[in-house]
Structures are given as C-alpha cells and as structure tokens.
Amino acid sequence: MSGYGEDRGPCESIRDELAELALGVLSGRSRSEVLRHVESCARCAAELEQLSIVADTLVQLAPEIEPPLGFELRIAERLQEAATAHRPRRRRRASVLAVAAVVMVVFGFGLGTLTPSHNRQPALANLTSADLNSHGHVLGEVMVSAGSPAWMFMTIESGAWSGKVTCEVTLAGGKIETIGVFKLSGGYGAWGVPLTSPAAQVRSARLIAPDGTVLASAQISV
Amino acid sequence: MRKDRNRDGDEISDEALLSGMAIGDERAGLVFARRYQHRLFGLALGIVSDAALAEDIAQEAFIRIFRHAVVFDARRGSVASWTLTITRNLAIDALRVRRGVPTAPDDQMFLSLMSTERLPEDAALAADALVEVRSALADLPIDQRRAVLLAAMYGRSAAEIAHAEAIPLGTAKSRIRVGMAKLRQAVAIEEAT
Ligand SMILES: [Zn+2]
Numbered sequence: 001m002s003g004y005g006e007d008r009g010p011c012e013s014i015r016d017e018l019a020e021l022a023l024g025v026l027s028g029r030s031r032s033e034v035l036r037h038v039e040s041c042a043r044c045a046a047e048l049e050q051l052s053i054v055a056d057t058l059v060q061l062a063p064e065i066e067p068p069l070g071f072e073l074r075i076a077e078r079l080q081e082a083a084t085a086h087r088p089r090r091r092r093r094a095s096v097l098a099v100a101a102v103v104m105v106v107f108g109f110g111l112g113t114l115t116p117s118h119n120r121q122p123a124l125a126n127l128t129s130a131d132l133n134s135h136g137h138v139l140g141e142v143m144v145s146a147g148s149p150a151w152m153f154m155t156i157e158s159g160a161w162s163g164k165v166t167c168e169v170t171l172a173g174g175k176i177e178t179i180g181v182f183k184l185s186g187g188y189g190a191w192g193v194p195l196t197s198p199a200a201q202v203r204s205a206r207l208i209a210p211d212g213t214v215l216a217s218a219q220i221s222v
Numbered sequence: 001m002r003k004d005r006n007r008d009g010d011e012i013s014d015e016a017l018l019s020g021m022a023i024g025d026e027r028a029g030l031v032f033a034r035r036y037q038h039r040l041f042g043l044a045l046g047i048v049s050d051a052a053l054a055e056d057i058a059q060e061a062f063i064r065i066f067r068h069a070v071v072f073d074a075r076r077g078s079v080a081s082w083t084l085t086i087t088r089n090l091a092i093d094a095l096r097v098r099r100g101v102p103t104a105p106d107d108q109m110f111l112s113l114m115s116t117e118r119l120p121e122d123a124a125l126a127a128d129a130l131v132e133v134r135s136a137l138a139d140l141p142i143d144q145r146r147a148v149l150l151a152a153m154y155g156r157s158a159a160e161i162a163h164a165e166a167i168p169l170g171t172a173k174s175r176i177r178v179g180m181a182k183l184r185q186a187v188a189i190e191e192a193t
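Protein sequence lines correspond, in order, to chains D and Z. Note that the working numbering has the first sequence beginning at 1, numbered continuously upward. Note that the working numbering has the second sequence beginning at 1, numbered continuously upward.
Only chain D is shown next, with the shape it has when bound in the complex (with noise of 0.2 Å):
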C-alpha cells in the first residue's frame, strides 16, 4: 500500500464524483477520468461498488401500480412476436451460454460444495467452443469450461435424430471416454455434464446412435 498523501489527491477529486456515476448521470470527459481511474484503484472501485448498490436500491423505492388492463395480453402478444423473430437468429453461443446457466441454477449448490476456493460461476470460465458437425453441416455447438471440474454443455438445434444419443470424448492420449446419454427430440437437446478429466485434455466430442453410428463431432482445441 502507499502512503497516505500520496494518493490523496487523485483519489479525493475522483471521489467527489463518484456517486453521479453510480447514478448513471456523469457523462463526457469527466466519465472516462473516473472509470479510468476506479479501474486502477481498489479503494475507489469498492467504494463505487457501495454506492452502485445504493443507486439499485432508489430505483426500487418506487410505487407499485396496477398496470391498464389488458396489459398482460399485449404483453403476451409482443412477446410471442419477440420469440419468433429471435429464434431463427439466435446465435447458438448464446443458447449453449443459456444452457449452462440453466445448468448452474441448478447445479450451483453442488458445484459450490465440491470446489469452495471458487465463485459461484466455476463452470463458466474459460469457454472454449466449437461447432458439431455432421457431414460438413453444423448441427449445434460444445462448449468446455476449464475448472475443477471442467463441464461440457452441448446444444443440437438442427437435424433429425428423436432418441437417445450417447456423448462421448477423446482425450489427449487418444483414450475415449463416454460422458452421458441424453434425449434429442426431433433434432433438438441441451444438455451440461462435469468431466472427469480436466478441459485441456479433451481433444473432440462425439455423439452416437444406439446403433453406432455417428451422429456429429466437433474437434476441440482447449
């Protein structure tokens, strides 16, 4: 730490605005100094951190009200709307993302307990993606997660396949290691699994019909 008069100049004009930052109405020159300066500075970032939580708070202070009727309906219909026009869009990074946050909302009580050096979001560090692949088209995407334990989520949203598919990866050694079995249901699952061996190791990912066939792969490069 350094001494005292030495970071009390930057810091007290810094500090004087700090809060119109935390409330979202600095802007212009005088925005970018402090940003700039909060990322360098501990003690200043934690203060805006404080203050931040504040500034969340007074938005919440407002009234409730009963919406006009009929909310709920338009409501419904624009979201209904939302949804089509997203869906042949949607990025599947952002689905695979999706899945793995479902799967932590889930999973996050017992990822927590098996590694408690880590934060809440263990398996969500270190993506590596790669498409799956079927004959030269892209079925969906892996993603791995490096963390102890390293997690795999996989998304397939094109394709036809209705059943039960197993997954597996080949490790750096060329060794295979099956990692589940899962549902498609007319081309469509999502699914998470933690990996018994650590992320750098896994080299490709497959998934297999009941009868052997390969369904898709993807080649990993972690």
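Read the hints as simulated data drawn from the structure, not as lab findings.
Going by beta-carbon spacing under 7 Å, a handful of chain Z positions derived as facing chain D:
#1 G42
#2 L43
#3 A158
#4 I176
#5 R177
From the three backbone atoms N, C-alpha and C, an ideal C-beta is built for every residue, glycine too.
Fit chain Z with the ligand to the given chain D structure using the hints.
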C-alpha cells in the same frame, strides 16, 4: 425479499426465468412480466406521469429484458435492479424526447418519495436494504434528498439540477455526493448487522 416475489405462487427464481428467456421461451417471459409488471409500470408512470406512455415504456422494457436476458450478469446486482434500471433509462429517454429540457418533477412519485413519513409496513421489514435506504432518505436534509432523487429516479445530471434549482454546479454536486454518502452508510450498517 420483496413481498411480491411469490405473487404468482410460483417458486421459479428470477434467474431461472431469465435463463428461460435467454433461450427464447416466451412463457418464461410472461411469468416474469406478471411478476414485475406492477413495479415496472409504477416506476415508468412515476417518471413520465402519463399512463399510455408508461405502458409503452413498461412493455418495451419487458421486450428488451427478454432479448437481452442472456447478457444478465448476476455478479453485478439483482435481477430486480437490472430490470428497473432498464425501465428507468427508457422512461428518462422518453421524457427527454417529449420535453426537451427537463423541468423539476411535480408528480406523485416524486412527492411520495420526498415525504418523510414512514410506511407502516416498513417496521415489519426492518432488515430489508430497501427499508434502510427509504428511511435514510427520509432522514436526509431536504436539499440533498431532492438532489439524490432527481439523479436516481429522473436521471438528472448535476448541471441540470443546478439549473433547475438555481444553485451553483458545485452545490448540486456536493448535495448528490453528501446525500449518497449518507445512504451508503445506512446500507453498510444494515449489511454489518
Ligand atoms: Zn482512488
């Protein structure tokens, strides 16, 4: 948390609903909208004082939340504050388009937030950060309370507050800073207990 958390009687967390929205599930969006509509509409109406405009803003906010659910970062605050901040920003933008130069608000929300009266239900929720902030806000000198609320709810910059209140810029900045510092202290005390 808030009393309306389980208004639908469902046990699905906000985070799980956002995950559903992130993969394009409109039913998750609808459950979420049901859960938050009173708060979003209340905030939007409070800021713009026009029911039709407030409905448009609340609807637009839900659509944005639906579209951007995938980027929500739980480490940066609660779903409620993210959701309400999106609404606040839309309402402020709408107000600026409509009115150009902002004038001092005279709406019901502003008056009720400026009030120093304690809400009867607050006593029962003493451990809630919301209650702590509301109570600390009521304890602020009126000038600081005005400045903090104008910035927090109506997005007024220090310069706009200085102009509207006919005070020097430095005074407006210091009202915001000192007021926020006291509120921050109240939250810190609440967290420590
Ligand atoms: Zn500093």
